[in-house]
Amino acid sequence: MPMSNLTRSRVRSAWIFLVPMLVILALVAGWPLFRTIWYGFTDANLSDPEARQFVGFENYLRRGDDGEWYGLLAEFGDKGNWWLSVWNTVKFAVVSVFLETVLGLVIALVLNASFKMRGLVRTAVLIPWAIPTIVSAKMWQWILNGQYGMMNDLLMTLGILSQPLSWTADPDLAMASVIAVDVWKTTPFMTLLILAALQMLPSNCYEAARVDGIHPVKVFFKVTLPLIRPALMVAVIFRFLDALRVFDLIYILTSNSKDTMTMSVYVRQQMVDFAEMGYGSAASTMLFIIIALITIAYLKIGRVSFEGGR
Amino acid sequence: MKRGKKDYAKLVGFYTLVVAIILYAVFPFYYAILSSFKSGSALFEVNYFPFSLDFGNYGSVFTGQNFGQSIWNSVLVSFGVVALSLLLGLTGAFALARVRFRGRGLLLMTILGVSMFPAVAVLSGMFELIRFTGMQDSLWSLVFSYMIFTLPFTVWVLTTFMRDLPLELEEAAIMDGATPWQTITQVFMPLMWPALVTTGLLAFIQAWNEFLFALTFILVDEQRTVPVAIALMGGNTPRELPWGNIMAASVVVTLPVVALVLIFQRRIVAGLTDGAVKG
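In the order they appear, the protein sequences are chains G and B.
Residues in the first sequence are numbered from 1 upward in steps of one, following my numbering.
Residues in the second sequence are numbered from 311 upward in steps of one, following my numbering.
By construction, these hints were calculated from the structure, which means they are not laboratory data.
Glycine included, every Cβ here is placed at the ideal spot set by N, Cα and C.
Heads up, a few of these hints could be off.
These stretches of chain B come out as covered by chain G in the derived footprint (C-beta under 8 Å, 3 or more residues) [to be verified]:
(1) 429 to 436
(2) 452 to 466
(3) 513 to 524
The list that follows gives simulated cross-link-like pairs (lysine-lysine, DSSO-like), each with its CA atoms no further than 27 Å apart [to be verified]:
(4) Lys320/B to Lys116/G
(5) Lys116/G to Lys316/B
(6) Lys300/G to Lys91/G
(7) Lys316/B to Lys218/G
(8) Lys79/G to Lys258/G
(9) Lys218/G to Lys320/B
(10) Lys300/G to Lys222/G
(11) Lys320/B to Lys222/G
(12) Lys218/G to Lys91/G
(13) Lys315/B to Lys218/G
(14) Lys222/G to Lys316/B
(15) Lys91/G to Lys79/G
(16) Lys315/B to Lys116/G
For each label pair, taking beta carbons as the anchor points, the in silico distance ranges come out as [unchecked claim]:
(17) Ser114/G to Glu478/B: 35 to 45 Å
(18) Val23/G to Val507/B: 46 to 56 Å
(19) Pro164/G to Tyr340/B: 19 to 29 Å
(20) Arg414/B to Gly30/G: 13 to 23 Å
(21) Lys116/G to Arg414/B: 45 to 55 Å
(22) Gly159/G to Asp364/B: 29 to 39 Å
(23) Leu299/G to Asp474/B: 25 to 35 Å
Could you put the whole structure together from the sequences, leaning on the hints where they help?
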C-alpha cells in the first residue's frame, strides 16, 4: 500500500531529524549526570581526575579512626556546611517564592485593571527581568554598600535608620538582603504569568458578583484565586525549581559566606575552590536528589489538594 | 455620574500604588546609570538626580581591560547558541509534532524533565567532557554546554507551536513531492517566525546572562564572557572595587537586552506563557 510506505518513510525521516537533537541532549545532560554520580563514589581531585580511587559511599558517610562520623550526611554544625546549605536553600526558595507570588499577584491585578498608563507600567515592570542576574547583583551590591550605599542614605534621610547597616555582611541581614534582591529580579516573571491567567478569565462571573454587590476582596478570594490557581501552581513550581538552584546572585552578593551559602554555592566551593571533585560530585548528586524529591512532593501535594476540590 | 469622596480616595490610592510599582521596578537601574556617569569622589556622594555627566568610566572600561573582547565573546557565544538550538529545535520539533511514532510521549516528557535540570548537578561530568574534548578555555565549550538550558525549552515551545499548524499545508507539500527538509524550510519556517523569534530571543538572553559554566570552563581572560568579566572586575586592593567602571560596564551590557525585551515584549510574554502554562 502506498500510504503505509509514505508513513514508513515519514517515520524514518522523523528519526533522522530527531537523532542530532537527542544526541546533543544526551551529551549535555544524560552523560554528564551519569559521570557526576559516578565521580561521587571516587576520591578524584580536580587537578588530576584520572588519578582516582573508588571509595564507595565514603563521600556520603564514613566512620573516622576516631570513631566519629564523617562525610556529607554527617556535615552538621561545626563538621561542615552541607546541611546548613540545604537549609539555607530551602529557606531562600520558600520565602522568596512566597513574596514573589504575593507581589506578583498585586502587580498583576493592577495591570489587569484598565487605566491610562497601563502600557508604560507593564514595560517598566519588565525591566528587572531583562537585566542580567550578574548585573542586578552588582547593582544591588552597590546600592546596599555599607559605607557609600544609597539604601543607607535613603533610610537615614527618611529617619527610618539612625545608623548605617552593612546589609550583605551582617549575618542577621545577609539572607534577608539576598532574598530582597531575588524578589526584585524575579517578580516580573510571576507577574507576567499571573497576568496571562487573569486575562483568560471569563468576565461574566465578575458582572454577576458586582450585580449581587459582593465585596471585591471577597470576589478575589472566592472567584479569582480559585480560577487562576492551576496557572499559579505552575508558575510557582517553575520559580521554585529556579530558586532551589540559585547561584549567581549569592556568589556575587555574599561570596562563600556561611550565612547565605546554598547547595549550588557549596558544590562549587568543594569542586573548584577546594578541588575536591569526588566530594563535590557527591554533593551534586545529593542536590539533584533533593530537588527531584521536592519537585515530586510538590506535584503530589499540589494535585491532592487540587482534586480535593475546595 | 458624579464621583463621591470615597471614589477619589480610591483613585488616589490606586495611582499611588502604580507610582510605587514603577519606582520599585525602575529606580535601581536608574541609580546604576546615575552612578556610571560619576567618577572620583562624586561617586561616593549619594544623590538622586543627575548632577554630573562624566563619560570617564565608559572610556576606561574599554581601554583598561579586555571588556571589548568580552562583549565580542558574549556576542559570538549567544549567536552560536541561538543558531544551534533553533536548528536542532526546529528539526526535532517537526518530528515530534508532525509525525506519529511509538515513544513520542515519553520523549516529550524526557525533554521537559531535562529543562528542569539543575545545571550544577552536571558540573563535574560536564567539566570532564569538556576537558576530554579539548574545548576548555574555548568559546565552543559554552555554546555546547548551554544546550542543556536552551534546547529542551526550544524544542518544547516549537513543538506546541507546530502541532497547531494546519495539516493541509503539509499534505499539499507532500503532493508536490517535497522532502521533509523542504517542508520544514519552505512551508513551516515562513509560518513560524513568531515562535522562532520568541524562542531565539529567550535562548539569546539565557546565553548572554549565564554565569556558572562560563566561570568554571573558561580560565583565560581573553575568552571570558561579559557576566564573568563584570563579576571579576577588581580594584587595586580587594576592598576597593572600581564601582564607576562596574556600573558603566553593567549599563553597556544591559541596554541592548532591555531594548530587545521592550521591543519584543508581547512575543516574549507569549513565549513564556507557552512554555510555562502549557507545559
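Okay, the hints, checked on the actual structure:
1. 429 to 436: With 8 residues in contact (Cβ-Cβ under 8 Å with chain G), the coverage given for the region 429 to 436 of chain B holds.
2. 452 to 466: Contact hint for the region 452 to 466 of chain B vs chain G: holds, 7 residues under 8 Å.
3. 513 to 524: It holds, with 5 qualifying residues against the three required.
4. Lys320/B to Lys116/G: Given that 27 Å is the threshold and the Cα spacing comes to 16 Å, the pair holds.
5. Lys116/G to Lys316/B: With a Cα-Cα distance of about 20 Å, the restraint between Lys116/G and Lys316/B holds, given a limit of 27 Å.
6. Lys300/G to Lys91/G: Measuring from Cα to Cα gives roughly 21 Å; hence the hint holds.
7. Lys316/B to Lys218/G: 19 Å, holds
8. Lys79/G to Lys258/G: Status holds; Cα separation ~13 Å.
9. Lys218/G to Lys320/B: 17 Å, holds
10. Lys300/G to Lys222/G: The given pair, whose Cα atoms are some 24 Å apart, holds under the 27 Å limit.
11. Lys320/B to Lys222/G: Cα-Cα ~22 Å, so holds.
12. Lys218/G to Lys91/G: 31 Å, violated
13. Lys315/B to Lys218/G: 23 Å, holds
14. Lys222/G to Lys316/B: 25 Å, holds
15. Lys91/G to Lys79/G: With a Cα-Cα distance of about 21 Å, the restraint between Lys91/G and Lys79/G holds, given a limit of 27 Å.
16. Lys315/B to Lys116/G: 21 Å, holds
17. Ser114/G to Glu478/B: 35 to 45 Å: The hinted range 35 to 45 Å holds for Ser114/G and Glu478/B, with Cβ atoms some 39 Å apart.
18. Val23/G to Val507/B: 46 to 56 Å: Once the Cβ atoms are compared, 27 Å apart, the range 46 to 56 Å for Val507/B and Val23/G is violated.
19. Pro164/G to Tyr340/B: 19 to 29 Å: Cβ of Pro164/G to Cβ of Tyr340/B: about 22 Å, so the range 19 to 29 Å holds.
20. Arg414/B to Gly30/G: 13 to 23 Å: 19 Å, holds
21. Lys116/G to Arg414/B: 45 to 55 Å: 49 Å, holds
22. Gly159/G to Asp364/B: 29 to 39 Å: Cβ of Gly159/G to Cβ of Asp364/B: about 32 Å, so the range 29 to 39 Å holds.
23. Leu299/G to Asp474/B: 25 to 35 Å: 26 Å, holds
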